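Whenever a hint applies, use it, and build me the whole structure from the sequences.
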Amino acid sequence: MPHIALITLVVRDYDEAIKFYTRALGFELAEDTDRGDGSRWVVVRPPGATAGAVSLLLARAKDDNQLASVGAQTGGRVGFFLHTEDFAGDHARMVAAGVRFLEEPRHEPYGSVAVFEDLYGNRWDLLQPA
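Numbering of the sequence shown is given in the numbering used here, commencing with residue -11 and proceeding in unit increments.
Please note: incorrect hints may appear among the correct ones.
[Said to hold, decoys possible] Here are the computed lysine to any residue pairs in the SDA-like style, where the Cα-Cα straight-line distance is at most 20 Å:
(1) Lys7 x Pro97
(2) Lys7 x Leu17
(3) Lys50 x Arg0
(4) Lys7 x Gly59
(5) Lys7 x Glu73
(6) Lys50 x Ala60
(7) Lys50 x Asp25
(8) Lys7 x Asp106
(9) Lys50 x Asp3
(10) Lys50 x Asp20
(11) Lys50 x Leu107
(12) Lys7 x Gly99
(13) Lys50 x Val31
(14) Lys7 x Asp20
(15) Lys7 x Pro34
(16) Lys7 x Pro(-10)
(17) Lys50 x Thr21
(18) Lys7 x Gly109
(19) Lys7 x Ala49
(20) Lys7 x Ser27
(21) Lys7 x Asp78
(22) Lys50 x Thr62
(23) Lys7 x Ile(-8)
(24) Lys7 x Arg33
(25) Lys50 x Gly26
[To be verified] If you anchor each label on the Cβ, the simulated ranges turn out as follows:
(26) Asp20 x Glu73: 24 to 30 Å
(27) Gly40 x Asp20: 33 to 39 Å
(28) Tyr2 x Glu96: 20 to 26 Å
(29) Ser27 x Pro93: 34 to 40 Å
By construction, these hints were calculated from the structure, which means they are not laboratory data.
If you're wondering where the values come from, they're calculated on a predicted model, not measured in any experiment.
Using N, Cα and C, we set each Cβ at its ideal position, and we do this for glycine too.
Now the structure itself:
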């Protein structure tokens, strides 16, 4: 059955993006392959995710047009949803790692949630479904 495997996230720099996603968000570096032309194939995914789970392909911007989209790939809307089974623990760990939350945690009928930004300004929900 078809499924989404990768979502491309345009970044300024591979190494700064890897550092943020692995250290601040706790993702695993699944692949970092030099493609021989100055680009790399860099894949990160949440800890414990299997190889078939949706992962992020971190793609360095190649030109001014792509660079302009860094941090604004969803037009300022929340575009990424990071589910957790330990909202309070993950929220505290992320705050300690310097992740910028745009609001205090809220408890909605659908779960506990708080919006945060990645290092480029893309908006994410940290969400523990009810």
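Quick rundown of the hints versus the structure:
For the hint linking Lys7 to Pro97, the alpha-carbon distance of about 34 Å lies beyond 20 Å, and the restraint is violated. Taken as a hint, the Lys7 and Leu17 pair is honoured in the structure, with Cα atoms around 10 Å apart against an allowance of 20 Å. For the suggested pair Lys50 and Arg0, the alpha carbons sit about 9 Å apart, so the restraint of at most 20 Å is met. At roughly 16 Å between alpha-carbon atoms, Lys7 and Gly59 fall within 20 Å of each other, so this suggested pair holds.
Distance restraint check for Lys7 and Glu73: the Cα-Cα separation of roughly 23 Å exceeds the 20 Å cut-off, and the hinted pair is therefore not satisfied. Between the alpha carbons of Lys50 and Ala60 the distance comes to roughly 16 Å, so the proposed pair stays at or under 20 Å and holds. With a C-alpha separation of about 12 Å, the suggested pairing of Lys50 with Asp25 holds against the 20 Å cut-off. Between Lys7 and Asp106 the alpha-carbon distance is near 11 Å, which keeps this suggested pair within the 20 Å criterion.
Distance restraint check for Lys50 and Asp3: the Cα-Cα separation of roughly 15 Å lies within the 20 Å cut-off, and the hinted pair is therefore satisfied. With a C-alpha separation of about 18 Å, the suggested pair Lys50 and Asp20 falls inside the 20 Å cut-off, and the hint holds. Restraint check for Lys50 and Leu107: satisfied, since their Cα atoms lie roughly 19 Å apart, inside the 20 Å limit. Only pairs whose Cα atoms come within 20 Å are accepted, and Lys7 paired with Gly99 is rejected, the gap being roughly 29 Å.
Distance restraint check for Lys50 and Val31: the Cα-Cα separation of roughly 17 Å lies within the 20 Å cut-off, and the hinted pair is therefore satisfied. This hinted pair checks out: Lys7 and Asp20 have alpha carbons roughly 13 Å apart, not beyond 20 Å. With a C-alpha separation of about 14 Å, the suggested pairing of Lys7 with Pro34 holds against the 20 Å cut-off. At roughly 31 Å between alpha-carbon atoms, Lys7 and Pro(-10) are farther apart than 20 Å, so this suggested pair is violated.
With a C-alpha separation of about 17 Å, the suggested pair Lys50 and Thr21 falls inside the 20 Å cut-off, and the hint holds. A threshold of 20 Å between alpha carbons decides the hint, and for Lys7 with Gly109 the separation of about 15 Å falls inside it, so the pair holds. Of the pairs offered as hints, the one joining Lys7 and Ala49 holds, with about 17 Å between alpha carbons and a cut-off of 20 Å not exceeded. Distance check on the hinted pair: Lys7 and Ser27 sit about 17 Å apart at the alpha-carbon level, within 20 Å; holds.
The straight-line distance between the Cα atoms of Lys7 and Asp78 is roughly 17 Å, inside the 20 Å bound, and the hint therefore holds. Taking the CA atoms of Lys50 and Thr62, the gap is about 19 Å. The hint holds against a cut of 20 Å. The straight-line distance between the Cα atoms of Lys7 and Ile(-8) is roughly 24 Å, outside the 20 Å bound, and the hint therefore fails. Proximity of Lys7 to Arg33 is assessed by CA-CA distance (about 13 Å); at most 20 Å being required, the pair is judged to hold.
A hinted pair counts as satisfied when its Cα atoms are at most 20 Å apart, and Lys50 with Gly26 qualifies at roughly 10 Å. Between Asp20 and Glu73 the Cβ separation comes to about 27 Å, which falls inside the hinted range of 24 to 30 Å. Restraint check, Gly40 to Asp20: a C-beta distance of roughly 19 Å breaks the suggested window 33 to 39 Å. The supplied range of 20 to 26 Å is broken by Tyr2 and Glu96, whose beta-carbon atoms lie about 36 Å from each other.
Roughly 38 Å separates the CB atoms of Ser27 and Pro93, a value that falls within the hinted 34 to 40 Å.
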